[in-house]
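Residue numbers (this note's numbering), protein chains in the order written: chain A, 1 to 369; chain B, 370 to 761.
One or more hints might be untrue.
[Claimed, not checked] Below, in silico cross-link-like pairs of lysine-lysine (DSSO-like), each with a Cα-Cα straight-line distance of 27 Å or less:
{"#": "1", "chain 1": "A", "residue 1": "K285", "chain 2": "B", "residue 2": "K681"}
{"#": "2", "chain 1": "B", "residue 1": "K661", "chain 2": "A", "residue 2": "K344"}
{"#": "3", "chain 1": "A", "residue 1": "K285", "chain 2": "B", "residue 2": "K755"}
{"#": "4", "chain 1": "B", "residue 1": "K448", "chain 2": "A", "residue 2": "K301"}
{"#": "5", "chain 1": "B", "residue 1": "K448", "chain 2": "A", "residue 2": "K300"}
{"#": "6", "chain 1": "A", "residue 1": "K285", "chain 2": "B", "residue 2": "K444"}
{"#": "7", "chain 1": "B", "residue 1": "K661", "chain 2": "A", "residue 2": "K285"}
{"#": "8", "chain 1": "A", "residue 1": "K120", "chain 2": "B", "residue 2": "K661"}
{"#": "9", "chain 1": "B", "residue 1": "K661", "chain 2": "B", "residue 2": "K737"}
{"#": "10", "chain 1": "A", "residue 1": "K301", "chain 2": "B", "residue 2": "K661"}
{"#": "11", "chain 1": "B", "residue 1": "K448", "chain 2": "A", "residue 2": "K285"}
Derived from the structure by calculation, the hints contain no laboratory data.
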Amino acid sequence: MLKESAQGFLAEFAPVAELRKQRDANSQSGYADNLWAQMADMGWAAILVPEAYGGLEFGHVGMGQIVEQTGRTLTASPLFATAVLGVTAINAAGSEDQKTQLLGSIASGEITTALAVDEKIHHAPTQISLSAVKRGSGYMLNGAKRFVADGCTADKLIVAARTGGEAGDMNGISLFVVDRTAAGVEVERTDMTDTRNYANISFNNVEVAEAALLGEEGKGFKALNTALDVGNIYLSAELLGIAQETFDVTLQYLKERKQFGVLIGSFQALQHRAAHWWSEVELCKSVVLKALQTLDEGDKKAPALASIAKAKLCEVAELATNEAIQMHGGIGMTDEYDIGFFIKRARSAQIMFGDNSYHTDRFALLNGY
Amino acid sequence: MSNLQAFRQETRDWLEENCPPSMREPVKGGESMCWGGRNFKFESKEQQQWMERMGAKGWTAPDWPTEYGGGGLDKVEHKILREEMSRLNARSPLDSFGIWMIGPALLKFGSEALKQQHLPPIVRGEIRWCQGYSEPGAGSDLAGLQSKGEDRGDHFIANGQKVWTSYGDKADWMFCLLRTDSEAKKQMGISLVLFDMLTPGVTPKPIKLISGSSPFCETFLDDVRVEKDQVVGEVNQGWTIAKYLLTHEREMIGGMGMTDAGAETLSQMAARVMGVEQGRMNNPILRADVAKWEIDGACFGLTAERVTDEAKAGSGVGATSAMLKYYGTELNKRRFETLLKINGSDAMIWDGEAANHGWLPRTWLRTKGNSIEGGTSEVQLNVIAKNILGLG
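Chain A extracted, bound-state conformation:
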């Protein structure tokens, strides 16, 4: 039911045409102004928030279905950065006070968040070097982040910083909640291929209070890792939506387009490729569902499943978007046609928090080889 209502809402208020409109208008946020308020009204901001903090605690399988649908419609919104990443990081690391205050405000749609992790062009969460130095009762932050999703619009930045150890250490990483508008925070909107709002953010002697520290000093990596695993599973769900939508649209095209006097779908060269693509999507459905279930069950296998799902979905989303363009022929290369938006979004989602090679490597490491 959630899936159907999400389908209906997204098709009406945030279809691919809306993304095109936002792009053509050079929109700062990348989505319509009232979109998040509408989503919050439907409770989407609160789905992953525990009941104790004013949420619905509806679970990951349900939320995953919504995010999968946003892959079909290429809907840009704060859903991922706020309702998935923000909620997960705060819930995993925060004190009772922080959870009560921040999760409550997220659930009601009052605030949005962004998770600032990467500093280099490749995802490497242990390599964090942005420094947070104790100063008086608070901390001072110096350094820079890049590829921060919703970094231009979020009210609160959740910043992974180093309070001890060296780049490469898991110990010594701490999470801070910083106002985007705080003094010394410089947000630069990057013009990206998928036209969503990402930022490069520099922190120049940014002073934050002790209460800005999320959880314990130096022990933030565990919560960060949890947020990244959850994030990667949701990116996989979105990529599943992309793989399915591009497949459906392409299959329809194979049944309409005529060349040499016959439908191109009658050519075995294309039939076999379509059948292989469909088979790969079936595998993707299974692994995304399992990964979401694993989150709901609090299973220890979540990190491995996050990497399995992300690696597989990166591979298949790449196949899907490339095949979609090729099978559409010339029309697939035109900006007028929607397929181009799918390949652009797919690659960004693939790269965010580690691509196929990153997660294949991580999967092997988790399995001891």
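Dock chain B against the given chain A, drawing on the hints supplied.
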């Protein structure tokens, strides 16, 4: 205690008491599988006991009706039995084309007399079956088969040649496709018939494969008498049943090879042989091959589970079995190519005790047939394109 809990407890107790210790160890390749039949040489007394005890209880075919010797278990009970068997690491008591293929077809399409005659001996492992489908001129294009059954009133006289008859030289009975109406168009005019391999005129000859083994035969039919009461379903309507059986075969082959032969997984073996330094296996290219295979293997395993669950919920596996067959066999081939790379020159040792009698190169070569038998990968892609995607 609920009925199901009681069933689980009874099952557990019965298995504890009746499953011999040696039947709780993994099988060592195809050699130690139990196929049953009139001529079967049991590996051990315990293997025979295990088959007979399970057969008597109907648990070699747990979900078949008790009136035909089956276990009469519903889906939930069947699942409990499987779980309890795997808890003990119990081997399959009987592997049989009777249980996997002709049995289900008889249950669905056979007359009451045929069910009564053939099903109980299948359950007890007394009769071993083989499949007479492919012919030298009819492989992927199965409906082009030419072996004829000439109508002689109460019986047919069969003439022709079958090929790729699995274990044709060891089987007791054959289920066989014959053209019984040569006037009718291709798919029409085919009948599915059953006959004893000892019937005069039936001659199976083993075919030696590139793997060195001979799991298949070519089977010659020279004036073989086939009784009309041994036709499954209606005369000339055998194609529907043949297709149903092919679906079963696809599921069977698709699921094979995904379980590891030993306790060691692909990556464990790779790490052991190649060595690991600073957490990463030596040879980064091979390491990536292994990891990608394990990721695909995990996704495929989850898909087989999901599809089976959905089938039980009512939507049926149907054409999806073509995907499982296609993907599963291609994965299995990839697995053995990777095993070969891991084991270097050792992988080429063809014989000798130390190399487990060439298990690796022989099995590797055997997997090449996985994507041919039961319909090639290309045929499976055709089935997906036509039946699922609706591409003409």
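Consistency of the hints with the structure:
A C-alpha spacing of about 18 Å is found between K285(A) and K681(B), which places the hinted pair at or below 27 Å, so the restraint holds. With a CA separation close to 25 Å, the supplied pair K661(B) and K344(A) stays within the 27 Å bound. At most 27 Å may separate the alpha-carbon atoms for a hinted pair to count; K285(A) and K755(B) meet this at roughly 21 Å. A distance of roughly 24 Å separates the Cα atoms of K448(B) and K301(A); the hinted pair therefore holds under the 27 Å criterion.
A hinted pair counts as satisfied when its Cα atoms are at most 27 Å apart, and K448(B) with K300(A) qualifies at roughly 25 Å. At most 27 Å may separate the alpha-carbon atoms for a hinted pair to count; K285(A) and K444(B) meet this at roughly 25 Å. Our distance criterion of 27 Å between C-alpha atoms is met by K661(B) and K285(A), whose separation comes to about 18 Å. Under the criterion of a C-alpha separation no larger than 27 Å, the hint pairing K120(A) with K661(B) is consistent with the structure, at around 26 Å.
Proximity of K661(B) to K737(B) is assessed by CA-CA distance (about 20 Å); at most 27 Å being required, the pair is judged to hold. Restraint check for K301(A) and K661(B): the C-alpha separation of about 18 Å stays at or below 27 Å, so the hint holds. For a cut-off of 27 Å, the pair hint linking K448(B) to K285(A) stands: about 24 Å separates their Cα positions.
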